[in-house]
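Protein chains: 2
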Amino acid sequence: MNLLRFNYTTADWVVYAPLRKLRPTHGTSLTHRSSDPLRDTKEFCPFCPGNEKMTPPEIYAIRPGGSAGNWSVRVVPNKFPALRIEEDPKRHEEGEMFHWMAGCGAHEVVIEAPDHTPIMQQPLAQIELTLKTLQSRYLDLKRDKRFRSIIVFKNHGEGAGTSIRHPHWQIIATPVIPRLLSLECYQAAEYFNRTGNCLYRVMLDEELAAKNRLIAANDQFVAFVPYAASLPFETWILPRLAQASWTTMQPQQIRPFAEILKTVLLKLYDALENPDFNLTVDMVPTGDDDKEYFLWHVRVLPRLSTPAGFELGSGMSINTTMPEEAAAFLRDGDGR
Amino acid sequence: MNLLRFNYTTADWVVYAPLRKLRPTHGTSLTHRSSDPLRDTKEFCPFCPGNEKMTPPEIYAIRPGGSAGNWSVRVVPNKFPALRIEEDPKRHEEGEMFHWMAGCGAHEVVIEAPDHTPIMQQPLAQIELTLKTLQSRYLDLKRDKRFRSIIVFKNHGEGAGTSIRHPHWQIIATPVIPRLLSLECYQAAEYFNRTGNCLYRVMLDEELAAKNRLIAANDQFVAFVPYAASLPFETWILPRLAQASWTTMQPQQIRPFAEILKTVLLKLYDALENPDFNLTVDMVPTGDDDKEYFLWHVRVLPRLSTPAGFELGSGMSINTTMPEEAAAFLRDGDGR
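Protein sequence lines correspond, in order, to chains S and C.
The first sequence begins at 0 in numbering that gives the first Met the number 0 and counts up by one.
The second sequence begins at 0 in numbering that gives the first Met the number 0 and counts up by one.
Among the hints, erroneous ones may be present.
Identical copies go unnamed one by one, so any copy, or any two together, can satisfy a pair.
[Said to hold, decoys possible] Below, computed lysine to aspartate or glutamate pairings styled on DMTMM-like, alpha-carbon distance capped at 20 Å:
1) K141 - E86
2) K41 - E86
3) K210 - E93
4) K210 - E95
5) K210 - E92
6) K144 - D87
7) K78 - E51
Hints are computed from structural coordinates only; laboratory data are not their basis.
Full structure from sequences and hints, please.
Okay, here's the thing in structure tokens:
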């Protein structure tokens, strides 16, 4: 059974998901799932058309040819979920320090295309379908009042933690507000309370004025390497409209969103030779959509360096690439 | 020049250390230092006896044979430091959001033995010398009032971010209080204020009573997999004495500390076949030594899994191994 336990030293919850009955044998087989090259072939890939029976039952799909046709985007529950909708978020306490709850939540996979073309090489129309699907799933999950927060993310490449090459996004709904999201909201609310302004809006305006960290912009979105980027080539995408989450994202924003996302990921692909990366969408907790202090944003996090003892001990980051340098390199492609 | 920039969205500082003049050419050469197998040989290893000229000038050493003799432990500045004592911690503000300071701090390397024997296979007397040296350097760095926090850590294995195999620890003194440390202290102080008890003491007592997550114990220290461990096989070592930092660590604690550290690391080595790991020592910020709410502790963090988009997006962890299972497996060696 999956569950969550509360870490009192940092006030956050840890998810326990013993994906299968782990039978200790030896070595790291306990914890490592090695990737299976067979799964990259159309015959054995669980996300390819024709293999639909290899996934749990479909939650949602877009079938341009009608309900019996081929799908363009398909949503299924994760086969080895971190959290499950069947569980109850009731808290249990044992002693002073041992505090747990069942693994209540949701964990969905959004298969973003029928084939293995990575996102930055897909047609814009395909990326639009994926973004529409992600928003639709976000809105549906949000209706379950047990879920306090919905994390939308994508892993690209084995070094970024993905085990299936077929391009996909994931959505995890949590019954608690995760630590990083709490922190971001607290800081933004505090800034708003003090100044009357949205921290992310001020940041966006100052990045637009400074220009030297900008990567791309259109009439709805701006992409830049933030002034205090934690990682080399970390890139953020912010909307120009005041929106704290995807609840209020408008249909006319989807195309410009797909465009800037493709542009940023293609620049990374070209400049850094297809780096592994994670991509996360930061939004306010469900129910805080009307808050003026936050702008939802995408963080693209290339996996070019390995966090070590200092980062794990302090929570601080050491970044070896200045944001201005990273931005210039991305703007100019591979430097030629 | 190294510097720190303030990330307003999370209220923490990011260290920028462009280790050498980075000339963008192509690909990940910008950010990756590939490890050089030559440096594993005695002839080319910068930390081996005879190659002392390959490091910056020595800060400290233990030479059992007198000042001209061979060293047993040697401390040098990191050749590519994250932070440097020559810098000034004055804050600079540009606009509303752009806030920086020079890279003031210290970054030392403690070479823990003349040869490449890893820590868990060294004689206890050698580990004792290293721990004494680490405490001595901690106490010396603490005298510099610009330094707010001192992070002591060790990386073992390439997957844990180390580039030199010769066993060594590192110490980084920071001019700010890192986010994770702030958070741990805040939570512990809040608990103390509410209950009158030390959070870590209560945790230690409850782990001792529960027994099922214990790994080892002696008259001065206890090692266990914490109830809410973030990572598979994460192991903590806590002192039995009320100590918030190494300022008050007593000479008679060094031997038991070396013993339990060796025991824990040897169990990990045997059970998981020499896994990569990071090891950090969490202490209160300098100047808070007398605080009753904190116990300094060692966190051993095996690198068996890859954090992905959910972890980076939420700050939460997904752990696939239950702490009780990990502890039983470590206690029983490799399961035979």
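Practice item. Any hints from earlier that this structure breaks? Give me their numbers in increasing order, please. Key: Number 2 - this is the single hint that the structure violates.
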